[in-house]
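*Asks:* Residue-level listing of the chains:
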Amino acid sequence: MIKHILTIIWNEKRMNSWIVIELTLIFTILWFCSDYLLTMGKKYSEPRGFDISHTYNVKLDTLSSGKNQQIKGMTKDEIFALILKRIKANPSVENVCVSVSATPYTGSFMSIGYKVDSVADKSIWTKRVTPEFFDVFRIRLEKDKGFTQMKGTITNGVLLGKENEETFLDIPIDKIDSISNNNKYKILGFVNPVKRSEYNDYSSIVYQLQKAEEMGDYKDVSIRVKPEADNPDFAEKFVKEMREQLNISPYFLVKITSLDKSRENYMGWMGFSNGLKSTFSVTSFLLINIFLGIIGTFWLRTQSRRGEIALRMALGSSKKKVRQTYILEAIVLLFIASILGVILSVNILATGALNNIGLPMVEGDSLKDLSLIQLLTDYLLTFGMLTVVTVLAVWYPSQKASRVHPAVVLREE
Amino acid sequence: MFKIYFKQTLAMLKQNRLISTVSILGTALAIMMIMVIIMVQHINEMDMAPEVNRSRTLYLKNYQQKSRDTLNREWTSGDLPYELYKQYLSEIKVPETVSLITREQENAILTIEGTNNSYTCSQTKTDGNYWKIISFDFIEGKPFDQADYQSGLKKAVITEKIAKKLFGTSAATGKTVNVNYVPYTITGVVKDVSPVFTFSQGDLFVPLTSVYGYKNSWGVMLILAKSKADFQAIKQEVRATERRYEANNPKYTLNFWGPYDHRTQKDNIDSGTAVDESKAPKRILLILVILFLVPAINLSSFSMSQIKKRSEEIGIRKAFGAKKYTILIQVLYENLITSLIGGFIGLLLSYGAIIWLREWLLDFPDEGSIPAGAFISPVVFLFVFLSCIVLNLLSAGIPALRTLRMNIVESLKRK
Chain L
1 MIKHILTIIW NEKRMNSWIV IELTLIFTIL WFCSDYLLTM GKKYSEPRGF
51 DISHTYNVKL DTLSSGKNQQ IKGMTKDEIF ALILKRIKAN PSVENVCVSV
101 SATPYTGSFM SIGYKVDSVA DKSIWTKRVT PEFFDVFRIR LEKDKGFTQM
151 KGTITNGVLL GKENEETFLD IPIDKIDSIS NNNKYKILGF VNPVKRSEYN
201 DYSSIVYQLQ KAEEMGDYKD VSIRVKPEAD NPDFAEKFVK EMREQLNISP
251 YFLVKITSLD KSRENYMGWM GFSNGLKSTF SVTSFLLINI FLGIIGTFWL
301 RTQSRRGEIA LRMALGSSKK KVRQTYILEA IVLLFIASIL GVILSVNILA
351 TGALNNIGLP MVEGDSLKDL SLIQLLTDYL LTFGMLTVVT VLAVWYPSQK
401 ASRVHPAVVL REE
Chain A
1 MFKIYFKQTL AMLKQNRLIS TVSILGTALA IMMIMVIIMV QHINEMDMAP
51 EVNRSRTLYL KNYQQKSRDT LNREWTSGDL PYELYKQYLS EIKVPETVSL
101 ITREQENAIL TIEGTNNSYT CSQTKTDGNY WKIISFDFIE GKPFDQADYQ
151 SGLKKAVITE KIAKKLFGTS AATGKTVNVN YVPYTITGVV KDVSPVFTFS
201 QGDLFVPLTS VYGYKNSWGV MLILAKSKAD FQAIKQEVRA TERRYEANNP
251 KYTLNFWGPY DHRTQKDNID SGTAVDESKA PKRILLILVI LFLVPAINLS
301 SFSMSQIKKR SEEIGIRKAF GAKKYTILIQ VLYENLITSL IGGFIGLLLS
351 YGAIIWLREW LLDFPDEGSI PAGAFISPVV FLFVFLSCIV LNLLSAGIPA
401 LRTLRMNIVE SLKRK
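Read top to bottom, the protein sequences are chains L and A. At position 359 of the first sequence the residue is numbered 359 (this note's numbering), and the sequence of numbers has no breaks. At position 24 of the second sequence the residue is numbered 24 (this note's numbering), and the sequence of numbers has no breaks.
Hints in this document: simulated from the structure, not taken from any laboratory. Do not rely on the hints blindly, as some may be mistaken.
Lysine-lysine pairs mimicking DSBU-like chemistry, simulated, CA-CA at most 30 Å apart [what the hints assert, rightly or not]:
1) L:Lys261 x A:Lys175
2) L:Lys226 x L:Lys261
3) L:Lys240 x A:Lys175
From just these sequences and the hints, can you work out the full model?
*Replies:* Right under this line is the structure:
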């Protein structure tokens, strides 16, 4: 059967070469799209390491004067601590923490050089946090080396965020003894791996444990709200309720923002959502085009092949067989195109031409990073998508072909 | 003669319904995608009120400072700090004028003395020169000027929307509003600006110097050149300020990213790296090539078969003395009609796509509206027409040329 189909295809190689070229081109582009989608999908499915449900960032700002509560005799830091206490006292609030460049989906990023054991200067992602940070964002302590006992900050205490189950900075956790730069830090434990966002990879993190007053002016306050108290209006209600209490000069409450909103802003800023949406549009555009292309090409074929089909039916071919031949022919063409397409894709990847153009490719996309499994899954996904579209497109022309009336057509010949 | 061709084409289209639909749909889809890309670029890049000076404005958004000390590899990067701007960049000579703006989403609480209402809105902090770079439409009043800025006076400009929210009317000049509990006098009211405009959208505009703690703020620097020809000179002046800073601070190296023109600054997101200015045009070119090529291949196979069917007719006309050129024109013309029909439908679809998907394409929320000048403009129509012609040539050109080379006798013989 296949041999027969190959003969038919070869007979019409002129016409077929157009459709094969189109299929190859589309296959190549879709292959890259599939690669991107699959890689993003895989990263998305990995746990992020933190939980932002029911969490909010509280934005406080300072003013020089104003008619807010004035409390004489307290320093700025003491007032800040009072504000935190009042936030915590709110019955809907489960926990409060303060941090610098640390909340999930924050735009700011801090990287400091350390010496880990004897491994010289490494720049590691650093977050400055109060101990409650891990409760608020549900980051788990996976190896306790004194954190829970201390129950609070100790000077220069740090928690290390693993980059995968066993290692921190490519060193097995059991072997890590010390971390220092100008300060000598005390390692109080290890926490689970955390990513910067769904689409990033896991990285090692150093969490420097500090008190709020050590954090300077640009600290963030975050709260976790009890699930039963949380609802879409919570932000507005909280501000209304708490504004008077928290407006203690020089601070005032601006607003609270849910971490979901911060996440939306971050994803938009990083262009992730754009990358995905453009890939979807390109994929849809190409699939619709190939659909139209195949319907049109096979429709025309039906018209030019009427004599041949009539002859087959007169000699005993059933309607079903005629339809099947059509569909098989389309799939074989697709298969030929797919082989050419893969060769083309791999070559393009090898030249690294795509990096020059800044397409939304996943970081580190070059021939070396391409594993066989990835090649196979990309191929299967692309081939799968195109097969579905091709079969749908060929359906109508094949129906029309099978309805050819042998006697009528043969008489015309 | 063209009238006959036109009638012939319409008849032909009606004859072969499926193929005609497929061709027109294919063209419409391609034109839709192409026009969406072009219109988005148009909206983002061209001079459009109130950002009427985009073509001669440069933007400096980030800086990076690195320590020269090889043992202590410290570096900082981020938005442009006020102090750095004030001491080194604000005095550059070549541009017509420069300005620093800081915009924070929803960080200003507006209250009116004697009422309980409070509104949270976005606050843009800037100087007097800003109003020379962006041309706002003042409903009444006027902006604060550079002298007000130097003195840190508490004056504000608000949009019509905010004026109505606060006072119930857009006549708000001279009234007082508390911004974060500090009283400001309103000097002017401007027409609302669509969120499409990154550097002029906002609700409230105040002098940066009037805000508590302004010396620690960061912002974006707008540079208005006298003309595009000065861009190089301005960039060189900025490089010179980098060297001046390094002379005063020998332990560090300093880099300003840019300044970039309007199109390039859109790619300047990450303060850690410079923008590779050659990437975006290549990317757009590649996408446009794909958008033209794929439908062209589709359509050319249809054109081929249409023409083959009429080879007899073409043979007879050649036998009667029709020149090759005449026949070529006829084929292209007939195809052009299909392209134009598809193009028209595609244009309408692209309008729909931009309106429906504006949140994604233009990065802004549903409440905003897109200025009509973006849709109905000679540039847009020119592009649609050109795209149709290009698509037409690509898809019908080769088949048409091949039919011309056909031998008259052969084509007559083919029944």
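*Asks:* Decide, hint by hint, whether the structure agrees.
*Replies:* Going down the list of hints, with the structure as the test:
{"no.": "1", "hint": "L:Lys261 x A:Lys175", "in the structure": "violated (34 Å)"}
{"no.": "2", "hint": "L:Lys226 x L:Lys261", "in the structure": "holds (18 Å)"}
{"no.": "3", "hint": "L:Lys240 x A:Lys175", "in the structure": "holds (26 Å)"}
Checked against the numbered hints listed earlier, the structure breaks hint 1 alone; every other hint is satisfied.
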